[in-house]
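Engineer: When you number the sequence shown by the working numbering, it's gap-free, plus one each residue, and the end is 976.
Derived from the structure by calculation, the hints contain no laboratory data.
Fair warning: there could be bad hints in the mix.
What the hints assert, rightly or not - Think about it this way: if two alpha-carbon atoms lie no more than 25 Å apart in a straight line, the pair counts; the simulated SDA-like pairs of lysine to any residue are: (1) K53 with H14; (2) K7 with D17; (3) K7 with R921; (4) K723 with R769; (5) K635 with R891; (6) K49 with G140; (7) K723 with A805; (8) K635 with Q342; (9) K53 with R29; (10) K49 with D35; (11) K247 with P317; (12) K409 with L295; (13) K7 with L666; (14) K53 with L617; (15) K247 with T185; (16) K247 with G226; (17) K7 with D572; (18) K49 with V204.
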Amino acid sequence: MPLLEPKSGTLRPHAADAVPAPDRVPGERAAGTDDELRRGLEALLGAGKVLWKISDLVRYASDASPYRFVPRAVVLAEDVTDVSLVLSYARRHGRQIVFRAAGTSLNGQAQGEDILVDVRRHWSGIEVLGRGERARIAPGTTVVRANAGLARYGRVLGPDPASAIACTVGGVVANNASGMTAGTTRNSYRTVASLTFVLPSGTVVDTADPEADARLAAAEPELCAGLLALRAEIEADRELTARIRAKYQLKNTNGYRLDAFLDGTTPVEILRGLMVGSEGTFGFISEIVFDTLPLHRRTSSALLFFPSLSAAAAAVPLFNEAGALAVELMDGNTLRASVSVQGVPADWADLPKETAALLVEFRAPDEAAQEAYEDAAARVLERLDLVAPVASADNAFTRDPGTIAGYWKARKAFVTAVGGARPPGTTLITEDFAVPPARLAEACEALLTLQAEHGFDAAVAGHAAHGNLHFLLAFDAAKPADVERYASFMDAFCRLTVERFDGSLKAEHATGRNIAPFLELEWGPRATELMWRTKQVIDPAGVLAPRVVLDRDPEAHLRGLKTIPRIEAVADPCIECGFCEPTCPSGDLTTTPRQRIVLRREMMRQAPESPVTDSLLNSYGYDAVDTCAGDSTCKLACPVGIDTGAMMKDFRHRRHSPREERAASLLAERFALVERAARLAVAAADRTGDRVPAALTAAARRAVSGELVPEWLPAVPGAAARKLPVTDRRGAAAVYFPACVNRIFGGPDGHEGPSLPEAVVAVSARAGRPVWIPGDVAGTCCSTIWHSKGYDRGNTVMANRMVEAAWGWTEGGALPLVVDASSCTLGIAREVVPYLTEENQRLHAELTVLDSVVWAAEELLPGLSVERTVGSAVLHPTCSMRHLGDEEQLRTVAEACAEEVVVPEDAGCCAFAGDRGMLHRELTESATAREAAEVGAREFDAHLSANRMCEIGMDHATGRGYRSVLLELERATRPR
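Just need the whole structure built from these sequences, with the hints factored in.
Structural biologist: Set out below in structure tokens:
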């Protein structure tokens, strides 16, 4: 064993903290998938496509719903053939299958108790057809990614769920999810042009194929006959037909789309309709062709405050009549909880509980239409009695994109913000129903009364324009009395919605496990029995997603409720929504932020010395801690800012022995020597080639630790110059701090011209804003080296040294400190602060720390003359830039240097993360796969970024030579 291998046992929960939970994974499952099932699936698909460890099964057991079911095995299907093979296996062996994509479903429909098939990882991509009127989309593509591909054509998808950042197109169609503006006319059922899907039998159907019905009739004659017989039966029942049509005047995703039998005339047409909203119970949707909609970019929005929820609801019809595309309702609980969302006015915390708000938005294709909408909105405002209980409530329409984005950020964070503010240890239930829009105010009053009767103080929000409300309930699933209280409320709520309002029990979240027992209450026995018969016709063996839509157990919604044990404070508010997952660089390699939290919670559910905890800890070190890039982009994606990267860094710290902490501190104290040695080693490797350093680092990794000793990569560049450029302090406009990576590593192979420090000095002088490099920068560092690895003592040493040095260099903050690596800028500007002494925190507050890209965009470009440009440049914005908000400045500098500037739509964190890509090269290779494919699909004249280690990571990923945008700016502005 390596000398300093991290000890996983240090992460074991303390016995006092581990309270056995009723839903803990039983000890007999600690070994994971049983041998027979594992061998059968691996023989069928290959070992690489079958996940069997208990840690794999547990991390797939949770989704955004209040339920938790641990699968017996997880399959990573790569194509339709894999799906057909698994379906065939299930039929032969009497197994059951659930398909799972993003896991953002709120009702447990992405969970299974047998074989779970992941259809996200290998199922992304979009092909825009024609001029954007249609788009062919793979089911694992997120809605945000699909819309990014359509935006350049001025088009957009109809469905726009609040979870668009994470939810996949396949899941949206399978649930008929709609969102803020889709209503009943822009949802999947109305905008899907064609589908390709795999039936439970393994038959593949492409509804766009002119021969589809003939092929299906030949392959599945009984299925075709059964569908046509059901259609004839429904059409013959005029009362039922009228009822079906009436039910879909409202938003309704409860049960199967019986109107598919009325809208389709052939078996394929009927199936195309039935698949929408079928929640994976009829087959797997492998491809969707959407009819897209115009993207009207002229937007006018307002956040309007009302004295009560009913007063806000009463105003909704007025805005509907005025032509508003979206009218979103938020109650006082929602508004106050949204304060946890970055950018939301702090004074919302002081809003009276009774206050409610409407977010109203008009979208227009041109100026004339926008002005007409604004005139109509002004006339509505004159009729309203609005309130302004806090200073930020201006009750006015605006066109400002930043203000509008802030309103929507608060609205879309409804579930996560309110869920994050729930009492610790409680489970969150999200309910979704619709009533006739004209009765919305009445429904709000009734809902509030019902909640009070059952002891709930729920938050309410929703798509008021369509009579669609959401509300959240929190209760402790480990307490039988709390579960009974929830059950009593659900019975009363469902009766209220159906019997008083003739509403929909699920407007857009699909039936799922928590409404399946109430399906017959809403639809009646005749229609419900037709749904059971439809399931029997399509899936006679009952292979797909049992108990998700149809369940005769009246207490099915109380089965599988998950407990939420307390974990580390930084992650404890997590509701497992999954918004963090698309941004996570390790998501396709090991685990995501949500899964890291899910696994930690399972450890806390277990009894002390549990064999399940032992198994989880054996995997957690690599799967969760080591392969976390620590970039904290999960914090940016999470509406309430949960930083799972920070939790992993803390876990790294816990695994360190006192000896390791002392050694790391010593390296910080003697960093000038370390820096010099590193530069000499890189220079020596440059002379000898890659073979020798690769062999030496491999041996050291085996002897010491693969988590401490980096692996030598061919993409590692040569050494930087031994001396930095000579500069003059007199007349300097800024202090320039060349990051240690730019003092150790040189530019990319083949680069001709100045080094990065030389370029920054030259271009700054050229712009009339000269910079000064202090003579004693050697031995100083942003401290990210220690921070990222959890070495607190070393981090403290270097953080304080850095700030003290910067204070002196900048004359007490009189000059800005310009840093030439974005991660180092972030480190000095923000990440060092918790490790500073009280005195140095005061000094730090006086410093102005600027990234070199910001310096160039805002201070240098106005004084420069561009002499030459390249034709095209592709950018890699770093995750540090996202934290700093510097991405636009990167583009600004690049656009001065190139005629065409491209940011890949799949650009994300490269996961090189200092040296983590050298500790775990597979992490960077996985994280950059999609971006690298996009970059490699065409030629670019320049490949630009603003962080040397990220550039090395992208060199490794793409085989292209990435360099700093400052080097390109120097070349572009160099006098002829």
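Engineer: Quick one: which hint numbers does this structure break? Sort them smallest to largest.
Structural biologist: none
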